[in-house]
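Chains D and W, in that order, give the protein sequences. Note that the working numbering has the first sequence beginning at 65, numbered continuously upward. Note that the working numbering has the second sequence beginning at 23, numbered continuously upward.
Honestly, the hints are just simulated from the structure, not real lab data. Treat the hints with care, as some may be off.
[What the hints assert, rightly or not] Covered stretches of chain W, as calculated for chain D (at least 3 residues, CB under 8 Å):
id, stretch
1, 151–162
2, 172–180
3, 243–249
[What the hints assert, rightly or not] Here are some of the chain D residues that sit facing chain W, going by a computed Cβ distance under 10 Å:
id, residue
4, A182
5, D274
6, L276
7, T279
8, L354
9, R376
10, D383
11, D386
12, V426
13, G433
14, P437
[To be verified] Residues of chain D placed beyond 10 Å of chain W at every Cβ, according to the derived structure:
id, residue
15, A122
16, L242
17, M252
18, G293
19, D367
20, A368
21, T477
Glycine residues also receive a C-beta, built at the ideal position from the N, C-alpha and C atoms.
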Amino acid sequence: MSAVAGRAVAAAEVGHEVDLDLSGAWLVDPGSGREGPADIVVRDGRIETITWLDATDASGIDDIGVVVTPGFIDLHAHLREPGNEAAETIASGLAAAAHGGFTTVCAMPNSTPPIDRAAMVDAARAAAAASGSPVRLFQVGAVTAGRAGEQLAVLGELADAGVVGFSDDGSPVQRAELFRNALAYAGMLGLPVIDHPEDLTQTSGAEANDGLVATVLGLRGWPASAEAGAVARDLEILAEVAREVPVARLHLTHLSTAASIDLVRRAKAAGLPVTCDVTPHHLALTDEWLAGARRWAWEALDDAGLPRDPWRDGVLEADPYDSALRVNPPLRSAVDAGACLVGLLDGTVDAIATDHAPHTQVDKDVEFGAARPGIAGIETALGLILQAVDAGLLPLARAIEALTRGPARVLGTAAPLTGLVEGEPADLVIFDRGARWTVVPDALRTRGWGSPLLGRSLPGPVLLTVAGGRLAYEASEPA
Amino acid sequence: MNTVVTAPGAVASDSADSVARPPAWPHRHLLDVDVLSRAQVELVMDTAAAMAEIVAKRRPRSDALRGTGVTNLFYEASTRTRVSFEVAARHLSADVVNVSVSGSSIEKGESLLDTMRTLESLGARVLVIRHAVSGAPYLVAREFGGSVVNAGDGRHAHPTQALLDLYTLRRHIPGGSLQGRKVVILGDVLHSRVARSNLWTLTAAGADIWVCGPSTLLRGFEAWAAAGVGGDGRFTVTSDVDAALRDADAVMALRLQQERMAAGLLPSLHEYAARYGLTRERLALAHEGCLVLHPGPMNEGVEIAPDVAAGRRSLIREQVANGVAVRMAVLALVTSAASRADA
Chain D
65 MSAVAGRAVA AAEVGHEVDL DLSGAWLVDP GSGREGPADI VVRDGRIETI TWLDATDASG
125 IDDIGVVVTP GFIDLHAHLR EPGNEAAETI ASGLAAAAHG GFTTVCAMPN STPPIDRAAM
185 VDAARAAAAA SGSPVRLFQV GAVTAGRAGE QLAVLGELAD AGVVGFSDDG SPVQRAELFR
245 NALAYAGMLG LPVIDHPEDL TQTSGAEAND GLVATVLGLR GWPASAEAGA VARDLEILAE
305 VAREVPVARL HLTHLSTAAS IDLVRRAKAA GLPVTCDVTP HHLALTDEWL AGARRWAWEA
365 LDDAGLPRDP WRDGVLEADP YDSALRVNPP LRSAVDAGAC LVGLLDGTVD AIATDHAPHT
425 QVDKDVEFGA ARPGIAGIET ALGLILQAVD AGLLPLARAI EALTRGPARV LGTAAPLTGL
485 VEGEPADLVI FDRGARWTVV PDALRTRGWG SPLLGRSLPG PVLLTVAGGR LAYEASEPA
Chain W
23 MNTVVTAPGA VASDSADSVA RPPAWPHRHL LDVDVLSRAQ VELVMDTAAA MAEIVAKRRP
83 RSDALRGTGV TNLFYEASTR TRVSFEVAAR HLSADVVNVS VSGSSIEKGE SLLDTMRTLE
143 SLGARVLVIR HAVSGAPYLV AREFGGSVVN AGDGRHAHPT QALLDLYTLR RHIPGGSLQG
203 RKVVILGDVL HSRVARSNLW TLTAAGADIW VCGPSTLLRG FEAWAAAGVG GDGRFTVTSD
263 VDAALRDADA VMALRLQQER MAAGLLPSLH EYAARYGLTR ERLALAHEGC LVLHPGPMNE
323 GVEIAPDVAA GRRSLIREQV ANGVAVRMAV LALVTSAASR ADA
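If we strip away everything but chain D, and leave its shape as in the complex, we get (with noise of 0.2 Å):
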């Protein structure tokens, strides 16, 4: 039994189904759409009351204390599973989610064989029932046979094995009528292809997002348009397939230029079947770390809204080149990644979604240009996003929505918002406002070698996530 601000939990060990006492608690839950104090009490793993406390009951309960939300939903993770386990394991990716407040994950297809056949499917979620994480698995399943980008995958029979969509993350799919068929052919199945915008054709040997920055470097330039450019194609074709195949959608993950954030704001508004995520580092971080500059997106603007000089400003505090900030798509300018909040902010933005791509030392201690893109980052999203919070950029319950129900509006009904609903298994995630936690390897979860933020301090430590009533991360001493 152990208390923490007006909460008492009795439950041991991760998997088992957790009692639950909190009082005065800042529950946001965008199922409800209500934001406020509230007691929550759980039994045998499930919400038995919510109370919403009234303005004279809640002298003192802020959104700066103990905040309860529903469990988080990753829409983009890589676990590694088959074939780079010294990377990430299934077992060790979901604990490294739950670590973040992650409660449902979907898993990319892209492994060592990438899961592009209905026993592949089969396979991963026995490794994660194996785990005893109650974290929900959710997998993707390949668009193309093997990746290949050549024909389609078995996507009938993957949506029977239950995958939640289709992806050939990591690529786009390059050939034009492929994409075409595959929207039409998903779409007749109900499920969305999630596609990785990437114009391949300017991207080759690409090091760094296209600016000052890669240009004074001498980082080989990565273009915004490589990324806006196959935007647009995707929304040219889906608005020629929705005219035949009303039910076919298109989710565009990982967005990070302005201007694909316009293309998609533009496409939604004329009613295409279209969504779209964004990471947290795309939000929080800009291609200025790479030079050495250890601000915040949002201060690297200047008054004008024009990207600030890290040279002239004087702000290069880190050594330049740090691999583990090599990423796909590239950490861009502080222009991209206030478009990005702004899509957040109007709803063209529908989810903040991690792509956690977690890598081996040996693949990404390396040169910057040859180490293996991607960031690692379910354990600090959420720490990235409150800091945008705290800046006052971003309200709470906007970032926690992005987290929770965006998400599960894009997995439709394989993703009911029920975690904090009476009578429902509790799904939810307790993380304190008001502390700050360090990132440093031995707190961190997951294989993957290397975060961009070590040694570096971030709002709201978990302290306690709950998936489908069961525990799936205590945090071991009060924060």
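Given chain D's structure and the hints, the job is docking chain W onto it.
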């Protein structure tokens, strides 16, 4: 010229009376020139001048690096830079080891850090590294116990080249100062670490820098010029070679590589030579005494005409000679910082 001692016994001085204590050199590594203060650049220049006096002797020898292991780790083919570092280190009595790696560390199967650790175990105290990936020396410097000297990384930096270019220019520019002098960097700027490093040192020296080449090889530099580089110097980017060369005090032609055609950056070598080659006719637009530099190796007849390369105002051979003195200075300075750090 003052003889400057950079560390106890660093430079053999003819007369003990001429020894002056220089400001301490703080950089254990030399990875880029952008971190050098004006005073530090001056210290390199002064030290190089002192080293040049040693080089000029019949049997050049200083004991500054006696017993110090200097390893040249070159992941890219290089003759002049590697030999220059080797000669510089030998003049300082260092124990020199040369390691040439064909292909990248990845192809070789050993990581750069493992290679570094091996060389460190074999006695390397100074690692001179040339690598095709921008930023690679920073990775090595993070873990290496001694000093890392960047001998060229990808497109990023070639600090000793920029310092020897500055040294060479200052010895020949009338008045010895680059303040307000128009210096043109001509050619494949996009891929050039020489251009990037020179931008920092020359603008810091107050020069009026013009960067010129076909637009495809200037990608990103317009934004850099708009942002500025700091220092007093001006920084202009243009594809108009006549405007760039008009009244120039010095012009530095850059090597053009064959691969640029395959990458779709240029139609043909011939077209490049016709439009951007540094010919005698073009050079006539510049000041009469316009100095000509080239970091080498040259494609004569492409980026520079043979008669210009061998012309009266060409400093290309002197660049090579000065490279030894400047590299001696850099080796002495970084090891002086390393020995202080150990103390």
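Against the structure, the hints:
Residues of the stretch 151–162 of chain W lying with their CB closer than 8 Å to a CB of chain D number 7, which satisfies the three-residue condition for coverage. With 5 residues having a beta carbon nearer than 8 Å to a beta carbon of chain D, the stretch 172–180 of chain W meets the requirement of three or more and the stated coverage holds. Counting residues of the stretch 243–249 of chain W whose CB falls under 8 Å from any CB of chain D gives 4; the rule of at least 3 is met. Taken as an interface hint, A182 of chain D does not check out: its beta carbon lies about 36 Å from the nearest beta carbon of chain W, beyond 10 Å.
Interface restraint check: D274 of chain D against chain W, minimum CB-CB distance 7 Å, threshold 10 Å, status holds. Of the supplied interface hints, the one on L276 of chain D holds, with its beta-carbon coming within about 5 Å of a beta-carbon of chain W, less than 10 Å. At about 3 Å, the closest approach between the beta carbon of T279 of chain D and any beta carbon in chain W falls short of 10 Å, and the interface hint on this residue holds. Residue-level restraint check for L354 of chain D holds (minimum Cβ-Cβ distance to chain W is 9 Å; threshold 10 Å).
A least Cβ separation of about 7 Å between R376 of chain D and chain W falls short of the 10 Å threshold, and the interface hint therefore holds. Below 10 Å, beta-carbon pairs count as interface contacts, and D383 of chain D has one with chain W at about 5 Å; its hint therefore holds. Below 10 Å, beta-carbon pairs count as interface contacts, and D386 of chain D has one with chain W at about 9 Å; its hint therefore holds. Among the interface hints, the one on V426 of chain D holds; its C-beta lies about 7 Å from the nearest C-beta in chain W, closer than the 10 Å criterion.
Interface hint status for G433 of chain D: upheld, as the beta-carbon distance to the closest one in chain W is roughly 4 Å, under 10 Å. With a least beta-carbon distance of about 14 Å to chain W, the hint placing P437 of chain D at the interface is violated under the 10 Å criterion. At the 10 Å boundary, the C-beta of A122 of chain D stays outside the reach of chain W, the nearest C-beta of that chain being 50 Å off. Annotated as non-interface, L242 of chain D keeps its C-beta farther than 10 Å from every C-beta of chain W; the closest such distance is 26 Å.
For M252 of chain D, the condition that its CB be more than 10 Å from all CB atoms of chain W holds, with the nearest at approximately 41 Å. No Cβ of chain W approaches the Cβ of G293 of chain D within 10 Å, the least distance being about 17 Å, so the stated non-interface status holds. Every beta carbon of chain W lies more than 10 Å from that of D367 of chain D, the smallest distance being close to 16 Å; the non-interface claim holds. Its beta-carbon lying about 13 Å from the closest one in chain W, A368 of chain D satisfies the requirement of being farther than 10 Å from that chain.
Taking the minimum C-beta to C-beta distance to chain W, about 46 Å, the non-interface status of T477 of chain D holds against the 10 Å cut.
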